[in-house]
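> Chain residues, written in single-letter form:
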Amino acid sequence: MSARWEPIALWMRARWGPIALWATLLVFPFIVQGSDSAAFFQDVGANLILAAIAASAWNIVGGYAGQVSVGHAIFFGAGAYVPLLVYTLWEVPPLLGLPLGIAVAVLIALGIGMPSFRLQGHYFSMATIAVAELVRLVVGNWDLLGAAIGIQGPATPRGWWDLIFRSSMPYYYIFLGVLAVTLSLTYAMERSRFGYYLRAIRAGERAARSLGVPVRRTKLKALMLSAALTATAGSLYAFKVGFVNPESGLGILVSVQMIIVAALGGAGTLYGPLIGAIVLVPLQSATNTWFGGGGSGLTFILYGGIIVILARFEPGGLLELWRRLAARVFHAA
Amino acid sequence: MILLQVLVGGLLLGAVYALFASGLTLIWGMMNFINFAHGEFVMLGMYVALVMTWIHAGPETFGPAAMVALFLLGVLVYLGLIKHVMRGPMLSQILSTFGLALLLRYSAFAYFKSDFRTLPESWLAGTINVSGIYVGKAQLVAGAIAGLLALGMHVLLTRTALGSRLLAVAEDRNAAMLMGIRPDRMQALAWGLSAASAGIAGALLANVYPFSPEVGQTFALTAFVVVALGGFGSVPGAMIAGTAIGLIEQVAAYSLGPIYKDVVVYGLFVAVLWVRPQGLLGKL
Chain C
1 MSARWEPIAL WMRARWGPIA LWATLLVFPF IVQGSDSAAF FQDVGANLIL
51 AAIAASAWNI VGGYAGQVSV GHAIFFGAGA YVPLLVYTLW EVPPLLGLPL
101 GIAVAVLIAL GIGMPSFRLQ GHYFSMATIA VAELVRLVVG NWDLLGAAIG
151 IQGPATPRGW WDLIFRSSMP YYYIFLGVLA VTLSLTYAME RSRFGYYLRA
201 IRAGERAARS LGVPVRRTKL KALMLSAALT ATAGSLYAFK VGFVNPESGL
251 GILVSVQMII VAALGGAGTL YGPLIGAIVL VPLQSATNTW FGGGGSGLTF
301 ILYGGIIVIL ARFEPGGLLE LWRRLAARVF HAA
Chain D
1 MILLQVLVGG LLLGAVYALF ASGLTLIWGM MNFINFAHGE FVMLGMYVAL
51 VMTWIHAGPE TFGPAAMVAL FLLGVLVYLG LIKHVMRGPM LSQILSTFGL
101 ALLLRYSAFA YFKSDFRTLP ESWLAGTINV SGIYVGKAQL VAGAIAGLLA
151 LGMHVLLTRT ALGSRLLAVA EDRNAAMLMG IRPDRMQALA WGLSAASAGI
201 AGALLANVYP FSPEVGQTFA LTAFVVVALG GFGSVPGAMI AGTAIGLIEQ
251 VAAYSLGPIY KDVVVYGLFV AVLWVRPQGL LGKL
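Order-wise, the sequence lines are chains C and D. For the record, in the first sequence the residue sitting at position 110 is 110 according to the numbering used here, with numbers rising by one throughout. For the record, in the second sequence the residue sitting at position 176 is 176 according to the numbering used here, with numbers rising by one throughout.
With the rest of the complex left out, here is chain D:
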């Protein structure tokens, strides 16, 4: 019975992982670029939720607020930093988002302090009993919304004209330019979407777990694992892998304890990178 509970929890958490990993994999697929600050985007989403509680806004506002804030941040980061770094050496590409991660993380430390925060009670509090399984309302909402949004991103990419343009730039930048698509704009948009997906995921998670600026690093690594497993550049892959990692992580936590769950996840990451770098569904 408890195992079932753990599985449900893992599934819901996995949906959130799927959401923010989709953002990361989108950037990779488009630009062959890993955003080492992606975890910090999630962390910032959580703090946006916190700030919303300061102005007494209800939980319904957290997601949209985080979405807008992080979308803007993503576009700014692209225009101000990434665009220029893409033309440079590998070292500066890696350093750029690494430095950004440090900047964001420690600015959050400076402003919000290092205490773990939880959000005040709202209509999301409490648990629901689904035939013997207790699920937190906040957890359920988080998982459901995250799943829908991840699906939505996939639909956006594959079924809309905008999505086609994004994918075109991912596939062949020059050809896309010849077709009248502006790669620069598409890439800025992709960064906005990626950051927004991380931000919303953070805002959703903030209702469920306590958070502090340091959690960005853990989320970053989780995102890497999901993207590696699902395949770099594949959003459906990220969705499947996200759910899988969520399940694996919760089951490992249940059977091996919270510390070793990290070891399992990182170990899986290293294994995937070495054994099947292109992941389940990706292109290398």
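Excised from the complex, chain C in its bound form:
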């Protein structure tokens, strides 16, 4: 029998990094339960996982396919607004609005994707910014959608299905579950023909097309998948926060946050977005608390600085940096 089945060989082939990561994420809320700021830590944890989901969703089209969309807030916003709207209009639990939000996002993806993917590189990015801003302006003036004030979800839970919990722990685990699904999908996609198509497109569209890759269709599919997952993140946000307005749901900072989280860890890699979230979200909470009211401004100065340093010195993100350092330290082949 091959060495594969020997316990020692199995031990050595196990991918300890991801295993340790998931194990830590699974028990994290319980580890911090004892401390005084348990609620705060768990809240940061939940926000972290949510950021990871959104960034991983963006990663599919922005990282793997190389189509840098700076307007992903449009999908996040769809996922956030639709469930709350459904509740506001018909008293239905927001949870039921989740599939509807996803459907709306996918339709938008189809609508935007078809004309926009004709554009390359910087043009595409600009188009996505413009469309997202356009939508934000329109929503911000549409009374049905709450105009500038926004819309709210249920104030008190009528049952577990309203997904309103006082502790952040349930949110944490729900989000973790969705993250697991998202990353599994990404993993499956990564190793499929579709994944190869995406990477080919990222490396060179014309070359890919000449090799028979159905470029337009592939990009569209990637955008639709990404939109669906981003909308899910938006819905989860709406459930947790219970409220959304044009700035928090559709603002450009939402899009930028997704990109920087993914890019910091490593765009186009499976765990990049999660790593980016683990570094960035606690950092954001820390700067917000340390600097008090003026903090949010400093947070963005930090963001800007990180992005610039990242772009200048390590475009591959932290994972790339780790690989380079580890290769030198461990003399890996």
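Mixed in with the good hints, there may be bad ones.
[As the list claims (entries may be wrong)] Straight-line Cα separation of at most 20 Å, SDA-like style, residue types lysine to any residue; simulated pairs:
1. C:K221 <-> C:R199
2. D:K83 <-> C:E314
3. D:K261 <-> C:A148
4. D:K261 <-> C:D143
5. D:K113 <-> D:V263
6. D:K113 <-> C:T299
7. D:K261 <-> C:V135
8. D:K261 <-> C:W142
9. D:K83 <-> C:G305
10. D:K113 <-> C:W290
[As the list claims (entries may be wrong)] Label-pair restraints from in silico Cβ distances:
11. D:G58 <-> C:S37: 53 to 59 Å
12. C:V329 <-> D:Y260: 54 to 60 Å
13. C:R328 <-> D:D172: 35 to 41 Å
14. D:G58 <-> C:P115: 48 to 54 Å
15. D:E171 <-> C:G212: 29 to 35 Å
16. D:L76 <-> C:T24: 39 to 45 Å
[To be verified] What the simulated footprint calls covered on chain C by chain D, stretch by stretch (three residues with Cβ under 8 Å from a Cβ of chain D suffice, anywhere in the stretch; the number is not a length):
17. 111-123
18. 245-259
In case anyone wonders, no lab produced these hints; they're calculated from the structure. Ideal placement from N, C-alpha and C gives every residue a C-beta, glycine not left out.
Given chain C, work out where chain D should sit, using these hints.
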């Protein structure tokens, strides 16, 4: 009568748009690169004007001061950041100026706070009556100077040796190198010029409109629209489109209200990108 007034205002504003959009289109034409921080350069120009008022300098100094300050900033940004990022993946190219925009915008927030500022009264205050049309002096000066400078940039690019060198690098970097032109230097110069044009535009606008650090984003988008409409890489295109957008924007504001004017402008942008990406006069 009011419509005529709106048109004149739009024309003057359009001239300023033409000025800073020329800078953006120059970079695009030379390096196939969009500077997402261009709006912040305009915003910084406005704050340079503010700082000049702190040392009690008159409005005549705003333009030159902004020009020098932003020229230096542009060259520094190129040498420190852009030069290196150009060799990297698309994502980092887009991220670089995006990050720069955030950095500049929020540093301005931190230092100058988010209040809208207006400049103190100077000899530019007051309006002129031109056969029934009232035009603010500051507006008129801004529009006139911006128009002249935009024209000047076009002349610089097309009629001078320096301009030829810049355009040569834009057209074919390697061939330019073979001709003894140093692309690196030309690109740094282009960045300086681009930033300077944005800065002067900002300094001129500061006399006319109240400003705060957040206006950078609006100007960036306006610049994109103008460049898209005029054609990426074409300075004459930017001039024509700038004037057009200025007119369209003011007429839309007059007839539809200030909020929907943005919708019209962005909608136009998206339409141009989808229907005619190369714009009126540009090369794709």
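> Each of the hints needs a verdict: does it hold here or not?
Going down the list of hints, with the structure as the test:
Only pairs whose Cα atoms come within 20 Å are accepted, and K221 (chain C) paired with R199 (chain C) is accepted, the gap being roughly 14 Å. Straight-line distance between C-alpha atoms of K83 (chain D) and E314 (chain C) comes to about 15 Å, which keeps the hinted pair within the 20 Å bound. Restraint check for K261 (chain D) and A148 (chain C): the C-alpha separation of about 17 Å stays at or below 20 Å, so the hint holds. This hinted pair checks out: K261 (chain D) and D143 (chain C) have alpha carbons roughly 18 Å apart, not beyond 20 Å.
Using a Cα cut-off of 20 Å, the hinted pair K113 (chain D) and V263 (chain D) is violated, with the two alpha carbons roughly 28 Å apart. Simply put, K113 (chain D) and T299 (chain C) have alpha-carbon atoms about 15 Å apart, close enough for the 20 Å limit, and the pair holds. Between the alpha carbons of K261 (chain D) and V135 (chain C) the distance comes to roughly 14 Å, so the proposed pair stays at or under 20 Å and holds. Straight-line distance between C-alpha atoms of K261 (chain D) and W142 (chain C) comes to about 15 Å, which keeps the hinted pair within the 20 Å bound.
With a C-alpha separation of about 17 Å, the suggested pair K83 (chain D) and G305 (chain C) falls inside the 20 Å cut-off, and the hint holds. Pair hint K113 (chain D) plus W290 (chain C) holds up; C-alpha atoms about 19 Å apart against a cutoff of 20 Å. Evaluation of the 53 to 59 Å hint for G58 (chain D) and S37 (chain C) yields a pass: the beta carbon distance comes to about 55 Å. As the Cβ distance of V329 (chain C) to Y260 (chain D) is approximately 59 Å, the hint placing it in 54 to 60 Å holds.
The given range of 35 to 41 Å is respected by R328 (chain C) and D172 (chain D), whose C-beta atoms sit roughly 40 Å from each other. G58 (chain D) and P115 (chain C) have their C-beta atoms about 50 Å apart, which keeps the hinted 48 to 54 Å range intact. Taking the beta carbon of each, E171 (chain D) and G212 (chain C) are about 34 Å apart, inside 29 to 35 Å as hinted. L76 (chain D) and T24 (chain C) have their C-beta atoms about 42 Å apart, which keeps the hinted 39 to 45 Å range intact.
Requiring three or more residues with a Cβ within less than 8 Å of a Cβ of chain D, the coverage given for the stretch 111-123 of chain C holds, as 7 such residues are present. A count of 3 residues in the stretch 245-259 of chain C with a Cβ less than 8 Å from any Cβ of chain D is obtained; the coverage claim is therefore met, three being the minimum.
Violation of the numbered hints given earlier is confined to hint 5; every other hint is satisfied by the structure.
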